[in-house]
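K.L.:
Sequence:
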Amino acid sequence: MKPLKRSPYLWTFLLFVAALLPRLFDLGQFLTSDEKTNIFLAGSAVVQAFLRGDWAGTYWHFYPGVTMSWADALGMVAQWLWERLTGATNLPLSAFVEGDIRHLLIATRLPYAALTAAFVPAVYHLLRRWLSPAGDGDFPAHALSLGAALVIAFDPFFLAHSRVVHADAPVAVFMTLSALAWFLYLRDGGRRMLVFSAVMGSLAALTKAPGQFMAPFVVVTALGDWALAGWRARRPDWRHFRRRLLDVTLWGAAALVIFVAVWPAMWSDPVGTVTRMLSETLGKADEGHLVYFMGRPTTDPGLWFYLYVIPFRMTPLTSLGAALSLGILFVPLWRKRPGKNNVSLLPTPYSLLLLLLWFYTLTLLLFGDLSPKKQDRYLLPLFPVLDVLAVMGWFGLTHYALRTTRHALRATYSVVAALLILVQAAIALPWHPYYLAYFNPLMGGLPRAVQTTLVGWGEGLEQAAAYLNQKPDAESLYVAVTPSQTFLPYFRGRGENFYTNDVALRADYVIIYRAQQQRLAPSPEIVREYMRRQPEKVITIKGVPYAWIFRNDPLIFRDVPPDAALVNIGFGEVMRLAGYRLDAAGDALTVDLFWHALPPIETATGPCHEERVENFTATVCPRLNYAVSVRVAAPDGAVIAQHDGWP
Numbered sequence: 058m059k060p061l062k063r064s065p066y067l068w069t070f071l072l073f074v075a076a077l078l079p080r081l082f083d084l085g086q087f088l089t090s091d092e093k094t095n096i097f098l099a100g101s102a103v104v105q106a107f108l109r110g111d112w113a114g115t116y117w118h119f120y121p122g123v124t125m126s127w128a129d130a131l132g133m134v135a136q137w138l139w140e141r142l143t144g145a146t147n148l149p150l151s152a153f154v155e156g157d158i159r160h161l162l163i164a165t166r167l168p169y170a171a172l173t174a175a176f177v178p179a180v181y182h183l184l185r186r187w188l189s190p191a192g193d194g195d196f197p198a199h200a201l202s203l204g205a206a207l208v209i210a211f212d213p214f215f216l217a218h219s220r221v222v223h224a225d226a227p228v229a230v231f232m233t234l235s236a237l238a239w240f241l242y243l244r245d246g247g248r249r250m251l252v253f254s255a256v257m258g259s260l261a262a263l264t265k266a267p268g269q270f271m272a273p274f275v276v277v278t279a280l281g282d283w284a285l286a287g288w289r290a291r292r293p294d295w296r297h298f299r300r301r302l303l304d305v306t307l308w309g310a311a312a313l314v315i316f317v318a319v320w321p322a323m324w325s326d327p328v329g330t331v332t333r334m335l336s337e338t339l340g341k342a343d344e345g346h347l348v349y350f351m352g353r354p355t356t357d358p359g360l361w362f363y364l365y366v367i368p369f370r371m372t373p374l375t376s377l378g379a380a381l382s383l384g385i386l387f388v389p390l391w392r393k394r395p396g397k398n399n400v401s402l403l404p405t406p407y408s409l410l411l412l413l414l415w416f417y418t419l420t421l422l423l424f425g426d427l428s429p430k431k432q433d434r435y436l437l438p439l440f441p442v443l444d445v446l447a448v449m450g451w452f453g454l455t456h457y458a459l460r461t462t463r464h465a466l467r468a469t470y471s472v473v474a475a476l477l478i479l480v481q482a483a484i485a486l487p488w489h490p491y492y493l494a495y496f497n498p499l500m501g502g503l504p505r506a507v508q509t510t511l512v513g514w515g516e517g518l519e520q521a522a523a524y525l526n527q528k529p530d531a532e533s534l535y536v537a538v539t540p541s542q543t544f545l546p547y548f549r550g551r552g553e554n555f556y557t558n559d560v561a562l563r564a565d566y567v568i569i570y571r572a573q574q575q576r577l578a579p580s581p582e583i584v585r586e587y588m589r590r591q592p593e594k595v596i597t598i599k600g601v602p603y604a605w606i607f608r609n610d611p612l613i614f615r616d617v618p619p620d621a622a623l624v625n626i627g628f629g630e631v632m633r634l635a636g637y638r639l640d641a642a643g644d645a646l647t648v649d650l651f652w653h654a655l656p657p658i659e660t661a662t663g664p665c666h667e668e669r670v671e672n673f674t675a676t677v678c679p680r681l682n683y684a685v686s687v688r689v690a691a692p693d694g695a696v697i698a699q700h701d702g703w704p
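Each number in my numbering comes from the position in the sequence shown (counting from 1) with 57 added on.
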């Protein structure tokens, strides 16, 4: 029988299970802000477009979020097949995917949990291959690879995003695997690694930014490899240059094949799809994202933002270990003395991997800093790499400390790996299921985070809903809360997003969420007014307030009828579509729209403009006569009915 360390299939299984378990428990406990969009647009709408053969309709975002659509579809179809087999539903798939979000939530989250769990043994095998190039099963390489893989598995920030329907965790998976495979190819050759890197890089680009970073990174590292070879030989090696040029060409060709094959929108109109994606991406390029940084809301947190929030999202184990690994790169340089025995903290494969991973980290950090849109999760792809660097740092320190007792090293490495895994798990698991609330205690933890960086993505609002559901009149309550899409699925009453001040004027309860309080939205005046009051209830996570619930005396009583569907869509700063009601009688369809005028009505006339927001298109004459053109359109864009005039 093979020793345990030499049983790759067994280690694959054990690592997958260890990573999957913390990703499964309480998977449906709360919603995050973007999941409604990511389930019903990336998932349901794309599935419906695919079923009717509308390949162009599978374009839903400039991300482009294609891997999200496939992951959502996998979960939805699996749930639908199971419920059809058990008799729980007789709906066709096209109708089933439009069901209640809580009914679909666990099924759509499972593919993300499984993908990120499978990522853990994949990292283990790639690292072990790098650190044991002869394939001799060297135990320190096994211990380091095992430790790094499980430190990634229990990284609280990566773990948090592994449990939600969003693109951040998948793009981190694909980018990390692409980079590791590319490094292996540059050192060892072998077309399988090149193709694997290209496939992962293409899937990263099909997910979201910064996935597109992998293509230029491959080009730069290929040129760097050629330049380094020429420097060592003291002359340019043009044969080596042609080889790397061929490698990059093959990488790009394989990536392009996957890009087209996986995205149905590319099947019908590749040029139009790419043009639209680039146009919409560039249209958003200069738009910042409202965040909270160093005590104030801002759309431009500056170049220091990531240098602050990334360590804040790490653990003490990984932040100190990553710093150690950086030191290991430089210590041999300072200690080098002519005629002296110079100490290398790690063998060559380890040191080279350190150098490559730090180059990847710093270039990706620069890439992220160039974008005006910044949030901590946008650079989630850095975290698996930083975790690997951290483990290498601790192993390097161990190697240096025991450099005179080589016989103790092999046993010591296994102990170090076990300690690193246990410490990382002990740090992360007590935060279950609110891994999003974890911040590095070396930098002040969650209490300091709420003072300096944006906190709250919807977690905790399910507790607010549970509290209000205990009210005897819960079904008749109307609540103003942002983000309402994370609250209303758990609430028995009604409500809407607190996007404008007037929403509070008709609410029975107002909830100020932590991120809303930090952003001072919808206005500083109304947020400060409520925060001066005594809340009826405060929802906390780990002792830190996340949501304040205020009993409210509504001042506006005429509102959207109870039988109408609620929306909250603003057209400029002129009016807001608050709800709609459909009434089908025979061949006729009556559409009632319920509007709120925002500024005082003006009657002057002037040029109008057309706006499309979500599924609504309107021709708006701002601040003039409020005339709108409302159209009902078929899925192919054909106008079925149209009404022009005042609302």
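These aren't lab readings, by the way, just hints derived from the structure by calculation. Check the hints yourself; a few may be wrong.
In silico DMTMM-like cross-links for lysine to aspartate or glutamate, where the CA-CA straight-line distance does not exceed 20 Å [claimed, not checked]: (1) K528 x D610; (2) K430 x E344; (3) K341 x D357; (4) K594 x E519; (5) K430 x E337; (6) K93 x D83; (7) K430 x D326; (8) K93 x E519; (9) K528 x E593; (10) K93 x E155; (11) K599 x E519; (12) K430 x D91; (13) K594 x D565; (14) K594 x E532; (15) K594 x D640; (16) K341 x D433.
K.L.:
Taking the hints in turn, state whether each one holds.
P.N.:
Going through the hints against the structure:
| no. | hint | result |
| --- | --- | --- |
| 1 | K528 x D610 | holds (16 Å) |
| 2 | K430 x E344 | holds (7 Å) |
| 3 | K341 x D357 | holds (14 Å) |
| 4 | K594 x E519 | holds (14 Å) |
| 5 | K430 x E337 | holds (14 Å) |
| 6 | K93 x D83 | holds (18 Å) |
| 7 | K430 x D326 | violated (29 Å) |
| 8 | K93 x E519 | holds (15 Å) |
| 9 | K528 x E593 | holds (12 Å) |
| 10 | K93 x E155 | holds (11 Å) |
| 11 | K599 x E519 | holds (15 Å) |
| 12 | K430 x D91 | holds (16 Å) |
| 13 | K594 x D565 | holds (14 Å) |
| 14 | K594 x E532 | holds (19 Å) |
| 15 | K594 x D640 | violated (40 Å) |
| 16 | K341 x D433 | holds (18 Å) |
In summary, the structure is inconsistent with hints 7, 15 from the numbered list given earlier, while agreeing with the others.
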